[in-house]
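Keeping their order, the protein sequence lines are chains A and B. Every position in the first sequence, counted from 1, becomes a number in my numbering once 182 is added. Every position in the second sequence, counted from 1, becomes a number in my numbering once 182 is added.
Heads up, some of the hints might be wrong.
Since the list gives no way to pick one copy over another, a pair counts as held whenever it fits inside one copy or between any two copies.
Stated by the list, open to error - Below, in silico cross-link-like pairs of lysine-lysine (DSSO-like), each with a Cα-Cα straight-line distance of 30 Å or less:
no.	residue 1	residue 2
1	LYS595	LYS268
2	LYS261	LYS595
3	LYS307	LYS669
4	LYS643	LYS261
5	LYS365	LYS307
6	LYS642	LYS376
7	LYS220	LYS307
8	LYS365	LYS268
9	LYS365	LYS642
10	LYS365	LYS669
11	LYS669	LYS376
12	LYS376	LYS365
13	LYS642	LYS669
14	LYS643	LYS376
15	LYS643	LYS268
Bear in mind the hints are in silico, worked out from the structure with no lab data behind them.
There are 2 protein chains.
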Amino acid sequence: MDEQNTQTGHARRPSGRDAKRAARAARAGASIPYITRKIPYYEVLSEEGLALMEHNADTILEEIGIDFRDDPEAIEIWKAAGADVKGERVHFARGMCRSLIQRTAPREFTQHARNPARSVVIGGKNTVFAPAYGSPFVRNLDEGRRYARIEDFRNFVKLAYLANSLHHSGGTICEPVDLPVNKRHLDMVYSHLKYSDKAFMGSVTAPERAADSVAMANIVFGEELNDPLTGRPKTTIINLINVNSPMTYDATMLAAAKVYARANQALIITPFILQLVNPGAPVVLGSFASSISMQSGAPTFGTPEPALVLYSMAALARRLGIPFRSGGSLCASKIPDAQAAYESANTLVPTCLAGVNFVLHTAGWLEGGLAMGYEKFVMDADQAGMMHTLLAGVDLSENGQALDAMREVGPGKHFLGCAHTQANFENAFYRSPLADNNSYEQWEAEGSPDMTKRANALWKKQLAEYVLPPMDPAIDEALLDYMARRKAASPDSNV
Amino acid sequence: MDEQNTQTGHARRPSGRDAKRAARAARAGASIPYITRKIPYYEVLSEEGLALMEHNADTILEEIGIDFRDDPEAIEIWKAAGADVKGERVHFARGMCRSLIQRTAPREFTQHARNPARSVVIGGKNTVFAPAYGSPFVRNLDEGRRYARIEDFRNFVKLAYLANSLHHSGGTICEPVDLPVNKRHLDMVYSHLKYSDKAFMGSVTAPERAADSVAMANIVFGEELNDPLTGRPKTTIINLINVNSPMTYDATMLAAAKVYARANQALIITPFILQLVNPGAPVVLGSFASSISMQSGAPTFGTPEPALVLYSMAALARRLGIPFRSGGSLCASKIPDAQAAYESANTLVPTCLAGVNFVLHTAGWLEGGLAMGYEKFVMDADQAGMMHTLLAGVDLSENGQALDAMREVGPGKHFLGCAHTQANFENAFYRSPLADNNSYEQWEAEGSPDMTKRANALWKKQLAEYVLPPMDPAIDEALLDYMARRKAASPDSNV
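The shape of chain A in the complex, shown without the other chains:
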């Protein structure tokens, strides 16, 4: 894995040679720190359509405005920037928000991982796959559905660490409801840092929890808190700030966002205010679109309408010039059945073709995000592996053209024994650990297992074989000490 790494923050843009090496590694199923696409974006809208959407966004910002609730500081920041403020409602002159972003927000940035070989570059032609986020429940074939515990959280961190196709440890992979609400973020951040060496996400549920996340990351990243390349604090955490649709920011999330932005940590958000709090802070345009059932009002996933939104939003993010977060392996199904798979694939393929840079919810998502599935996790990770091959594109090298094989074999024979096949068969195709391609008779003899059964065996095998990544014991001790002090500082609470 370490040999594969070409991006530890030295270069903002990967070279053509790096991209080729990554493509080769992807075809060979080897681990790469993130994907640099070699295929074009799929554009669903013309220039005219995209310009219309930007025009309408300006109209909404100007005429209707956005509410910033219970945060006088945010209101003052907007006033100082020249926005038209009436109470908590802020109106923006046409183009103002766009120019705020374009003036200072980076087009791409490095999020450092504690293993430098696993740092990720978010933005540009890169795609980073992260696990699903935020489920109160977990599901597996043995126990069905139940509330998530910290043990589940650790298990998913380990599974994401082991997955070649996932580049990121994610954030609140599931809610450890066996821990008090006001302290569980400490255990979650510790789990990411201890059981994985991939980049991770911080807590956003309160400003002091955001501050804890930054403090714990600083313990690990220690001596070199400034990025020598940018002269700014190293970005070691990326954080998910959700806007209340429609058009409203609330106090909790604004406060957490300001903590992270001031520390130069990355935020996924509808982003314009950050560049006033800390110009140049890394920010990712986020979009999470689902259709809804018009009978029940329930969200639906893997349907065609969100795919169209995804293609459109990715193009708008490119025009704006900042990284884009969307998509994943979303589904409404309660179990990892055919519905889950159709819906997940119908989301993940557009995610990749559209050019999403940070893919939250790549693996594990069930039931509209209410449950994190163990089997679903390894099934989705397998699909994410296939996306590496897709994004590596068509191999047009001499070897890829294989004209010699055609000449050697000729009409009416077969290619299995020819020199080209011999030279390429090990790395020729993506190999799924979960798809059954055996004969019907062999499959039947093995007990006719469906994919979920095979996935059940796979995640158990992976957890059994898991080995902890190395960590300096002094750092581990400092983390545990920080947690103990913070836990002792206030009583347990479930708000």
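Dock chain B against the given chain A, drawing on the hints supplied.
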């Protein structure tokens, strides 16, 4: 349905208004005779890459050549056309095959259905969905897997007739192995003509069976055998001619191809010879690419490599200027589980984005084509319905932009009750008859069914409610009479 039809052969290219109407109908889930795409093609290769592939194809045709086995007439045709013939091996000057096609093969053509409202235009921006083809087995939840019978064949013709999202009745949907090999084509063609009114495919397993297919179609299409628009015999059958990979045509398939080409019926084939047998005969470039398991040699489906081939081949067909057949809902899975669904969606989405014109295997395919699944059929048909919405693209009308809704609702409220939602909710989103989007509690109360269980109920309900499309009793009698005479003319045989 009849009101929706705008294409019964009067126009080679649909107008912009037609496309809009079709898009509206697609969004509303109504039946349309075929899809006219409103979204761009996805192009995976640059001009340079595509030119390289054409160059290599010319090299193979020139240097290596193609075998035409046991068919002296085909060899004579090539000699007369100026090809370089050595025994059964034919070599072609660079560009010769391309120019043969481009000189006379139509860019798109109408395949007439016995219900003119259901005639399909194959080629251009159009996509036609047809059922899967060629399985010896069927599978359903009640019986598992068993050999297919003519009763299954009829059932699938009925299900395809009932599916709004399928535009075509297909061909050998499954092999009726309870009928003798040399006569079962009569019952298959009769079933398509009798139990559906959509366009269908003829028999290709022997030249006399091809002739039977043409004769039976002529009984139904009766008086008006010439297309007044083209002055040529009406194309009422489309037929699948498989090339023996690599680079070999055998006698059976050449003979069947010549029968159909002379009758001006359409062929899906690697196509160059047809334009010598009957210049102008409709021909579709076919590509069926699968990866293989390098462990076992078994074909694998829904993997990324065939998707890349699909995008590339579609672009090459457009450059050549003839319709393209590929893709579908392919999978290796034996059952309609998550593997089947991931693999099918990973094939069907590229099929649609690439711009495949004739999609064989849209519904029912299991086990690499060995089994036709009842549940899989209705699940895939549902997915094909979603593709209608995807291909209809983003609605950029005033209503689609919905700025009034934004103005009415404003920050912090919700859109469910607003005027725009009230006006649009019935047709707003594609509605899946099979996806479960209910609450977990409701789903559990219903017995926690997976998608396959729901699909099992759906196909049974559809078959129970099926109503035969009207047919002139004299035509039916003539068809039955023709079949009886042909069956009496030779003993049953299983070759």
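field: Alpha-carbon proximity context of LYS365 and LYS268, limit 30 Å
entry: neither (37 Å within a copy, 82 Å between copies)
query: Is it within, between, both or neither when you check LYS365 against LYS669 at 30 Å Cα-Cα?
result: This pair counts as within: shortest intra-copy Cα distance 6 Å, inter-copy 81 Å.
query: How would you classify LYS365 and LYS307 at a CA-CA limit of 30 Å: within, between, both, or neither?
result: Answer is neither; intra-copy 37 Å and inter-copy 57 Å both fail.
message: Within, between, both or neither: how does the pair LYS643, LYS268 come out at a Cα-Cα threshold of 30 Å?
response: So LYS643 and LYS268 fail the 30 Å test inside a copy (59 Å) and across (59 Å) alike.
message: At most 30 Å between CA atoms: does that hold for LYS595 and LYS268 within a copy, between copies, both, or neither?
response: Intra 78 Å, inter 18 Å, cutoff 30 Å: inter-copy only.
message: When Cα atoms must be at most 30 Å apart, do LYS669 and LYS376 count as within-copy, between-copy, both, or neither?
response: within (18 Å within a copy, 76 Å between copies)
query: Between LYS643 and LYS261, at a C-alpha cutoff of 30 Å, which is it: within one copy, between copies, both, or neither?
result: The answer is neither: 57 Å in one copy and 63 Å across copies each exceed 30 Å.
- prompt: Checking LYS642 and LYS376: alpha-carbon separation at most 30 Å within a copy, between copies, both or neither?
  reply: Answer is within: at 20 Å inside a copy they meet the 30 Å cutoff, but 53 Å across does not.
message: I want to check one pair: LYS376 and LYS365. Are their C-alpha atoms no more than 30 Å apart within a copy, between two copies, both, or neither?
response: Only inside one copy: LYS376 and LYS365 sit 17 Å apart there, 70 Å across copies, limit 30 Å.
- prompt: Between the shortest in-copy and the shortest cross-copy C-alpha distance, which are at most 30 Å for LYS365 and LYS642: within, between, both, or neither?
  reply: within (29 Å within a copy, 53 Å between copies)
query: Can you tell me if LYS261 and LYS595 fall within 30 Å by alpha carbon in one copy, between copies, both or neither?
result: So LYS261 and LYS595 pass the 30 Å test across copies only (24 Å; inside, 76 Å).
query: Between LYS643 and LYS376, at a C-alpha cutoff of 30 Å, which is it: within one copy, between copies, both, or neither?
result: within (21 Å within a copy, 54 Å between copies)
Against the hints set out earlier in the document, violations occur for numbers 3, 4, 5, 8, 13, 15.
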